[in-house]
Amino acid sequence: MSETSRDRTGDATREPMVVIEGVNKHFGDLHVLRDINLTVGRGEVVVVLGPSGSGKSTLCRAINRLETIESGTISIDGKALPEEGKPLAQLRADVGMVFQSFNLFAHKSIRDNVTLGPVKVRKQKKAQADEKATSLLKRVGIEAQADKYPAQLSGGQQQRVAIARSLAMDPKVMLFDEPTSALDPEMVGEVLDVMVGLAKEGMTMIVVTHEMGFARKAADRVVFMDNGQIVEVATPEEFFANPRSERARDFLGKILTH
Amino acid sequence: MSETSRDRTGDATREPMVVIEGVNKHFGDLHVLRDINLTVGRGEVVVVLGPSGSGKSTLCRAINRLETIESGTISIDGKALPEEGKPLAQLRADVGMVFQSFNLFAHKSIRDNVTLGPVKVRKQKKAQADEKATSLLKRVGIEAQADKYPAQLSGGQQQRVAIARSLAMDPKVMLFDEPTSALDPEMVGEVLDVMVGLAKEGMTMIVVTHEMGFARKAADRVVFMDNGQIVEVATPEEFFANPRSERARDFLGKILTH
Amino acid sequence: MLDIFEKYAVFSAFWMTIKLTFFSAIGALVIGTVVAVMRVSPVAVLRRLGAFYVNTVRNTPLTLLMFFSIAGMYYILQLNLAEAGSPTELVDNGVRWAIVALAVYHAAFVCEAIRSGINTVPVGQAEAARSIGLTFTQSLREVILPQAFRGAIAPLGSVLIALTKNTTVASVIGVAEASLLMSEVIENETASIGVFLVFALGFVVLTLPVGILFTSLSQRLAVKR
Amino acid sequence: DGSSGGGTGAGGDGAKALKIGIKFDQPGLGLKQGSTYTGMDVDVAKYIAKQLGTDEGDITWVQAPSAQRESLISTGQVDFIVATYSITDKRKESVSFAGPYFVAGQDLLVRADDSSITGPDSLNGKKLCSVKGSTSAQKVKDEFANQVQLQEFSGYSECLPALASGGVDALTTDDTILAGFAAQDANKGKFKVVGKPFSTEKYGVGLKKGNTDLCNKITDAIKKMQSDGSLEKAIEANLGPADYTPGPGNPATPEACA
Amino acid sequence: MSAPSVLFDAPGPRARRRHAVLTVIGLLIVAGILAAVALKFRAEGQLESSLWTSLVTGEVWSFYILPGLVKTLEAAAISIVLAMVFGIVFGMGRLSQVRVVRWVSGVVVEFFRAVPVLLMMYFTFRYYSDNGVFRNDVNPLAAVVTALTLYNGSVIAELVRSGVYSLPKGQKEAGLSIGLTPSQTLRSIQLPQALTAMLPALVGQLVVILKDTALGTAVLYPELLQAARDIGTSYSNPIPAYLFIALIFILINYALTVVAGRVETRLRRRGGGPRRGAAVTGVAGAGTVDAPTDGVAGQGVYTGDASSR
Ligand SMILES: Nc1ncnc2c1ncn2[C@@H]1O[C@H](COP(=O)(O)OP(=O)(O)OP(=O)(O)O)[C@@H](O)[C@H]1O
Ligand SMILES: Nc1ncnc2c1ncn2[C@@H]1O[C@H](COP(=O)(O)OP(=O)(O)OP(=O)(O)O)[C@@H](O)[C@H]1O
Ligand SMILES: [Mg+2]
Ligand SMILES: [Mg+2]
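Going down the list, the protein sequences come from chains A, B, C, D and E. For the first sequence, my numbering gives the first residue as 1, with consecutive numbering after it. For the second sequence, my numbering gives the first residue as 259, with consecutive numbering after it. For the third sequence, my numbering gives the first residue as 517, with consecutive numbering after it. For the fourth sequence, my numbering gives the first residue as 742, with consecutive numbering after it. For the fifth sequence, my numbering gives the first residue as 1000, with consecutive numbering after it.
These are calculated hints, taken from the structure and not from any lab test. What you are looking at is a predicted structure, and each value in this text was computed from that prediction instead of being measured. There could be a bad hint or two in this list.
Claimed, not checked - If the Cβ cut is set under 7 Å, some of the chain C residues that face chain E in the computed set are:
hint	residue
1	V559
2	L562
3	L580
4	I592
5	L595
6	I660
7	T684
8	I702
9	T723
As the list claims (entries may be wrong) - What follows is a set of in silico ranges between Cβ atoms, one per label pair, in the way DEER data are often shown:
hint	chain 1	residue 1	chain 2	residue 2	range
10	A	E84	B	K458	55 to 61 Å
11	C	V639	B	N485	46 to 52 Å
12	A	H26	C	V639	35 to 41 Å
13	E	R1261	B	G336	39 to 45 Å
14	E	V1258	A	F240	57 to 63 Å
15	A	G141	B	E273	46 to 52 Å
16	A	K138	B	D508	22 to 28 Å
17	B	E401	C	L724	54 to 60 Å
18	D	T953	C	L724	31 to 37 Å
19	A	E143	E	Y1253	31 to 37 Å
Cβ coordinates follow ideal geometry from the N, Cα and C atoms, glycine included.
Construct all of the structure, not just a fragment, from the sequences and the given hints.
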């Protein structure tokens, strides 16, 4: 508890972008989010760690209301999360989300995957959206594949398209839920490189990952969850060198030994 | 080519357990195994590395004839691989195999998964097989779950059961095909620990894996494959410190940077 | 509307529907299993024959099969399924050949249901069975069939329901089942919605429990993966 | 003479076109063979049409299946029907009849070499074929031979192979229909009509109830057809090849229109 | 054969010899049955050439077979279009947010799926005739189309529903997360994919409809089977005529089945196939990845096919 309240103060120099207060959530009898408090500042990169089932994905999904919460509040850029309808859709447009399993729209070409949101939600002209898509795809290194379909791409390429799709909406914050754990090891690097680039450019990011290298290299803070609670919040240096809680030590022991 | 022939000499002090000579295999037009030569000595631990699609799994599966080969010979403990029927089944009983996706028998309890082979193939008494199963399950740390079904266990637990199932047959050699890549990171360790233990006890093992830690810790030799060929065979120290081939350097670069 | 129960033998017509369903279901299961075995066998010719059976039968209107059955088999080939010279020879042959036609037709679907059951078994299960040294028959008995059977329950249920409804086609060769009676009733009376509902609900009553039973069976026995 | 023509049920303002209902599937009576129509009923209809001032080319032939005859007339889809239409009191309630032009009777068709069947009462223990939903078979069973066995098909033509192969012993319906089948080229010499009709079917021309004008004209036409020998010729041409002779009551005496 | 079989190991030399023996036995049995049938048919005079040659005359084709085929295709085409509309409307109904709509759609769909098509045809035909709903010569078509539409529409409604359900959950979530509203997501993400996933099953359903038009003879609809009966009447060769028409049905339906298969592999290649990423996540992945396509296609196989006549 002491750690979680400590976090509230966060990085005083940053304006808060995502504010999570007193959030609780059950799945049936299972208490998956227990009184979560977390503030993420503008431009901050927060890595969420924790064992399987600790509630990391649920937290991530709650932030754009893919999961509803039972109590507490979540606000983004000062606005409370709307409950439904157009306002909720508008908010989600401002929050990019990258999934473990990519979830590219299987029936649309790569380009159309990237332009769908801008055209349908942001009401951009198709030509304008196309232009932007091309530059985003170039940035993630797959402009050559723009006319292919998702199934024709490797996992690493698909995930980079997914990132471009999110970026096309000019999101205020981006959520990543284990973006590399469905990838072959040789492809992990190419996706992490894109993410490190984003972090450097000042994107606000909440990243659930097991890639300690990324956490060390790009995170401003590490949040360690276990059993639905935030157990520890620290800078990566502090956290990896000297985890305060027993559970975090145990977890790191398991992950880092091999 | 020079490397592959070099391997034949292998470790001169070891009696050969698995001998692979001049093996070729196509899938349609794709030449997935190109003139493979490899000798694995008794008690030796060989780690097979290589990019996705390089033929590692195919090689592994060819060793107990889950894939047929087109030319060349494979022999185990001095006996050529039988082509079918009882002799093939008997040989397979001597070769343990652990799959990426565990493949526990979904409709049988953990205990029955482990005792099925001993009872049906080795014709052991049920009581005796049960006793042995209990001790094996204890050894891999899941004796408490013996009466559950596979779906009720975590991935790490399932994979440990799969290892116990293979061990119950007292195999002469064990094949592992990416045994940890379907696992959550915290569970990788528990499976690797069991494998390291086996290696220490002198089991002959052929392990396809991306876990460099395991390779460093337990392997006697590392075999690097690319595009259906064995490109390099070396001790782990040599291989990681100073890969001779361009392709291996490239591969290691991708895997180890993050 | 209820007086049709007094004027017509509604229940005995449905009893015929039930008998047709029951016996042809058994027949379809037997033939379908044999064809399924052929279709999954490693022998190319048997696989082709099995596929030929399924493709032929499945693409022929049941009405035609029904006609071939009685006209071709009984009247032309003179395969008598009843006691020759018995006073019920024709009726018996009609019913029995209808059962044969229904069985032959639905066997194609049973075959596909069984195949889809086998397809629910991941290849890894078979490979694991082989890799611990089980022989062909052992891995079939211990690992594959127990799982395949459970996977086939739901599709088999669908076939049984379809079969129940398809017994109505026996009316084209004059078998006195429910739909023949209904066509008689609306011929003599008028085509009132009420009469239709009586017969339609009869089929709902017959098929609903089958659906519920098979769904719950398949869920209860499902292999958890 | 018939130049006034237009006694059509519908409008009758001098139009010469006629829509006439006939059977399409009864050889010898009303059979559609490609674009030609043959049979006794067809000849009768053509003769009547001619008397009404309509050329053969202006006749539209409409299929009039038994069950639909009344509604074809009442909804004006035909001007009149000549389709083995028996005059009964029940039908007179909804349509008017001109005629009868012919008296048929229910009879039996048997194999040419079968002398054991001499009439309906010799059918006990025999097998009888008829069409689904027809009352003629039921009549045999109820009134003459309660131990007769019944096979019902959708059409008479399906009974014939069964009769030929000995699967059934007799086919029952109006003697005209039977004679029509027996007179077909492919059946010549194979079957015979027993020639002991056991019912009286007075074939009339059905038309809209209360159209006495048209009824009278048709009655006149029928009388003329009888007197100039055309009717006899039509019967001989269509049913004669089966050695059929019209039963008692022929030539029929048309009734006065009500 | 390259795909690993659940049931059989790769054959060795002894197995291959055994297969050869079984091949010969199988062929002999089939040849024997065919010979016996042919002999009996000849004895019954059903193989007389005159009975068969009449089937290949231009007259029979232009006056019976082709018109019958046209009628069959006409009824099938109208029915499939209406059934699609019915199916999409009620399928969406079953997915509706409004409980009453969901419930009513459910009852309608379940009812019409449970009632035999033939029963429905008998009834609608009499009902239309007695009440003069359509012109008399249209009544049979109307009855056929009504029965086929209600039944197959209900099956398609289930296909739509299961198609949408079988999509990976992530597709909907990805749609929502780029800011589409739930109904936009249903329309531009879920439905198109569900429809493509359904396409093979839908073509399969076309076979069912085409085959079921043959029930139309029961209400005097002049389709192919009726044409066969008419040929049998005109040329006194009912058995050859029926066999011949059966052959036509089989060929058409088989062609459609092949088309359905092609469509399926095409779709699989382009999009629906198992994704590499999902497969790597492991056991659970391996199972669920195939589920969407198999789910729909499978559904098609047994609800669609089996319920056909
Ligand atoms: N839709 C759901 N219904 C019921 N239980 C759920 C659901 N989603 C998640 N859970 C459960 O909630 C708990 C937290 O799940 P969550 O996915 O948030 O964990 P996680 O930390 O992301 O784990 P992982 O590393 O495995 O992804 C787990 O025990 C999970 O089984
Ligand atoms: N049954 C099969 N049919 C056709 N091609 C196959 C089959 N199995 C494997 N392949 C192909 O053979 C090549 C080698 O496959 P293999 O699975 O041995 O590679 P791998 O090194 O194990 O890769 P990974 O790291 O992805 O498991 C790949 O290109 C693969 O697509
Ligand atoms: Mg998660
Ligand atoms: Mg592999």
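Do the hints match the structure? See the list:
{"no.": "1", "hint": "V559", "in the structure": "5 Å, holds"}
{"no.": "2", "hint": "L562", "in the structure": "5 Å, holds"}
{"no.": "3", "hint": "L580", "in the structure": "5 Å, holds"}
{"no.": "4", "hint": "I592", "in the structure": "5 Å, holds"}
{"no.": "5", "hint": "L595", "in the structure": "9 Å, violated"}
{"no.": "6", "hint": "I660", "in the structure": "6 Å, holds"}
{"no.": "7", "hint": "T684", "in the structure": "4 Å, holds"}
{"no.": "8", "hint": "I702", "in the structure": "5 Å, holds"}
{"no.": "9", "hint": "T723", "in the structure": "5 Å, holds"}
{"no.": "10", "hint": "E84/A / K458/B: 55 to 61 Å", "in the structure": "59 Å, holds"}
{"no.": "11", "hint": "V639/C / N485/B: 46 to 52 Å", "in the structure": "25 Å, violated"}
{"no.": "12", "hint": "H26/A / V639/C: 35 to 41 Å", "in the structure": "38 Å, holds"}
{"no.": "13", "hint": "R1261/E / G336/B: 39 to 45 Å", "in the structure": "51 Å, violated"}
{"no.": "14", "hint": "V1258/E / F240/A: 57 to 63 Å", "in the structure": "59 Å, holds"}
{"no.": "15", "hint": "G141/A / E273/B: 46 to 52 Å", "in the structure": "50 Å, holds"}
{"no.": "16", "hint": "K138/A / D508/B: 22 to 28 Å", "in the structure": "24 Å, holds"}
{"no.": "17", "hint": "E401/B / L724/C: 54 to 60 Å", "in the structure": "47 Å, violated"}
{"no.": "18", "hint": "T953/D / L724/C: 31 to 37 Å", "in the structure": "57 Å, violated"}
{"no.": "19", "hint": "E143/A / Y1253/E: 31 to 37 Å", "in the structure": "45 Å, violated"}
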